[in-house]
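A.B. asks: Going down the list, the sequences are from chains W and B.
For reference, each letter of the first sequence is one residue, going 1 to 227 in full-length UniProt numbering.
For reference, each letter of the second sequence is one residue, going 1 to 441 in full-length UniProt numbering.
Think of the hints as simulated: they come from the structure by calculation, not from any bench.
All residues carry an ideal CB built from backbone N, CA and C; glycine is no exception.
Fair warning: there could be bad hints in the mix.
Said to hold, decoys possible - Subject to a maximum C-alpha distance of 25 Å in a straight line, what follows is the list of computed DMTMM-like cross-link-like pairs (lysine to aspartate or glutamate):
1) W:LYS143 to B:GLU62
2) W:LYS66 to B:GLU340
3) W:LYS54 to B:ASP209
4) W:LYS215 to B:GLU181
5) W:LYS66 to B:GLU127
6) W:LYS66 to B:GLU224
7) B:LYS40 to B:GLU181
8) W:LYS215 to B:ASP33
9) B:LYS343 to B:GLU356
10) W:LYS29 to B:ASP150
11) W:LYS66 to B:GLU211
12) W:LYS215 to W:ASP196
13) W:LYS181 to B:GLU224
14) B:LYS245 to W:GLU13
15) B:LYS67 to B:GLU340
16) B:LYS382 to B:GLU412
17) W:LYS143 to W:ASP177
18) B:LYS80 to W:GLU13
19) W:LYS66 to W:ASP5
20) W:LYS215 to W:ASP177
21) W:LYS143 to B:ASP150
22) W:LYS215 to B:ASP194
23) W:LYS54 to W:ASP5
24) W:LYS172 to W:GLU182
25) W:LYS143 to B:ASP334
26) B:LYS81 to W:GLU13
27) W:LYS143 to B:GLU181
28) B:LYS40 to B:GLU340
29) W:LYS54 to W:GLU73
30) W:LYS170 to W:ASP196
31) W:LYS66 to B:ASP209
32) W:LYS215 to B:GLU356
33) W:LYS66 to B:ASP151
To be verified - Here are some chain W residues the structure puts well away from chain B; computed CB gaps all over 12 Å:
34) THR25
35) THR69
36) PRO78
37) ILE179
38) GLU180
39) MET183
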Amino acid sequence: MQTIDMGQTPLREVNAALQAQTTTTNQTKWVLENPRGAHAVAVGLDAPIEVVVKGSTGYYCAGMNKQATVQIEGSAGPGVAENMMSGTVIIEGDASQYAGATGHGGLLVVKGNASSRCGISMKGIDIVVHGNVGHMSAFLAQKGNLVVLGDAGEALGDSIYEARLFVRGKVKSLGADCIEKEMRPEHVEILRDLLDRAGADARPEEFRRYGSARKLYNFHVDHAGEY
Amino acid sequence: MEKTPPTTPRQSWTFSNEINSEIRRAAATGIYDIRGGGAKRRVPHFDDLLFLGASISRYPLEGYREKCATNVVLGTRFAKKPIEIAMPITIAGMSFGSLSGPAKEALGRGATLAGTSTTTGDGGMTEEERGHSEKLVYQYLPSRYGMNPDDLRRADAIEVVVGQGAKPGGGGMLLGQKITERVAGMRDLPVGIDQRSACRHPDWTGPDDLEIKILELREVTGWEKPIYVKIGGARPYYDTALAVKAGADVVVLDGMQGGTAATQEVFIEHIGQPTLACIRPAVQALQDLGMHREVQLIVSGGIRTGADVAKALALGADAVSIGTAALVAIGDNDPKWESEYNKLGTTTGAYDDWHEGRDPAGITTQDPDLAARLDPVEAGRKLRNYLSVLNLECQTIARACGKSHVHNLEPEDLCALTIEAAAMAGVPLAGTNWIPGRTGF
Ligand SMILES: Cc1cc2nc3c(=O)[nH]c(=O)nc-3n(C[C@H](O)[C@H](O)[C@H](O)COP(=O)(O)O)c2cc1C
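Produce the entire structure from the sequences given, and follow the hints as far as they go.
C.D. replies: Structure below.
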């Protein structure tokens, strides 16, 4: 196990060490101490390593992650795991705005709550939030799954494309072109798997599914007010 | 009985045929007009400026004999690997999706032959483009379509797009006809839908966030790549200052004549300032911060000739970038397609329905048959020729002004033909010492 004290080591060195790991590395476990809210911690990783961050982080922790598992033992600032491609990011605390923004793949787990715009423009990532999500979550969500065990704020899934949204609690309001959809057996399976991988104590049957009404996909004058 | 002499039917200036046709179009469809290209109205431009040339007090350089350098280094502030281009002209970001694969390839080939860089666009990086561009700038846009860290690292520079001159404050638009399987796949969208790209970045707002975003991009790419920030000509002084504050290596400033693949006509013609009006405020911001030439300034929007290039440089830019002119050079709006333009209800020079994907020249299309009309090798050669003419023209002017490097051109080499241009460019009206807004009569 490699331990880096971020109180002593410049960010550039921390990231360079993590980014230097390759698929065949045997230094698979890393611990980052004293992150003290630093920005851009553990970004751009591309190796099957495990990074544990002992504390809270600033903006864009684990941004653009590939393959790595990053666990934040604290809360995460805005844009955690933004544009993630693969791998897993787990936040023990809460996540600020835009968690998992534009993520293409991988799994993001927020054990606490996620703030507004969680999963904005998501492009294939799976996000599981154990608590609530804020307003405008899954705005313009293109692909992937957003699972919310708690409640969702206003305008959930506004201008959504093909992403699937599963919410167990209340939804304050749905955004433009987002509707409740039938939960079919294949959705139950997807959800079961995600809940399982995210260590969430919930049953798929307790959730409702939301997605696109696909009315804004091609311009129609009668829907002009929705755009 | 003698007939009353008829009066000639009088057309209204306010309600011209053009305006009335737009009213009828709007009434029939219920949607605003969308088109490609930049502002078509006449606004004060580089044509309204002239170079003074050499005289007794300034002596010229011998054409072709005495050296007048044109090379430009971009990204000297923070990047470990700045980009050096052979001429002060680059190819602007134009999306794959709006342009065909062969068109992107032609741009890469032409730029590479000319020793300069080209730029990706909304929709991500294509192999055609990476493969044929020796120096490729990767745009980082609000939509983040196709954005991934591998392409970020394969790029030679990164351009964070905040705005575009044709539509400062606007997002992207690609109509269903152009969302083919390949385009849709790259953008993670269903085939055939109208695709709207966001107008704001999804994970940052404001200059303080931008600074952290730039930090992240640098950390992901090992502080190697120059980071550009592209802004539309809205508030050039403050936007330039804020981009510098956020850590940009290069500021790309695009005025209202700048082209777009598809935007509402009302946006193109009514939002943003002319290119000419944007340059001096941006340069002033750089000078006020002690960053002129330290952070490079690339200007775009309506650059057509070497004279335009030279004038932009004289006003303080380090380089220019071209979109529309590059497309024309490779065959856009060519008279040889006149009969086909007529079938589309338009004519050579006016064809701007680039969003509809039926371009006879095979450039702004995703239709494989149309796209196959463009030979990327030949088109690339034409672009190289055109770029080299721009460079030679710019050099000719610089020599005539006695400059051994095109960057030595300065506002003092210029005068203006109109009061408006004099005020915007901050150079005297021809034949006077008067710079409106700066000096008395
Ligand atoms: C067909 C086309 C597509 C464009 N796509 C983009 C784009 O994806 N991203 C961007 O920042 N600008 C885009 N632009 C704007 C250009 O980067 C550039 O700012 C503009 O074309 C410069 O003005 P000019 O066309 O007068 O040379 C596009 C322009 C055109 C003509």
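A.B. asks: Taking the numbered hints from earlier one at a time, note which ones the structure violates and give those numbers from smallest to largest.
C.D. replies: The structure breaks hints 1, 2, 7, 12, 13, 15, 16, 25, 36; every other hint is satisfied.
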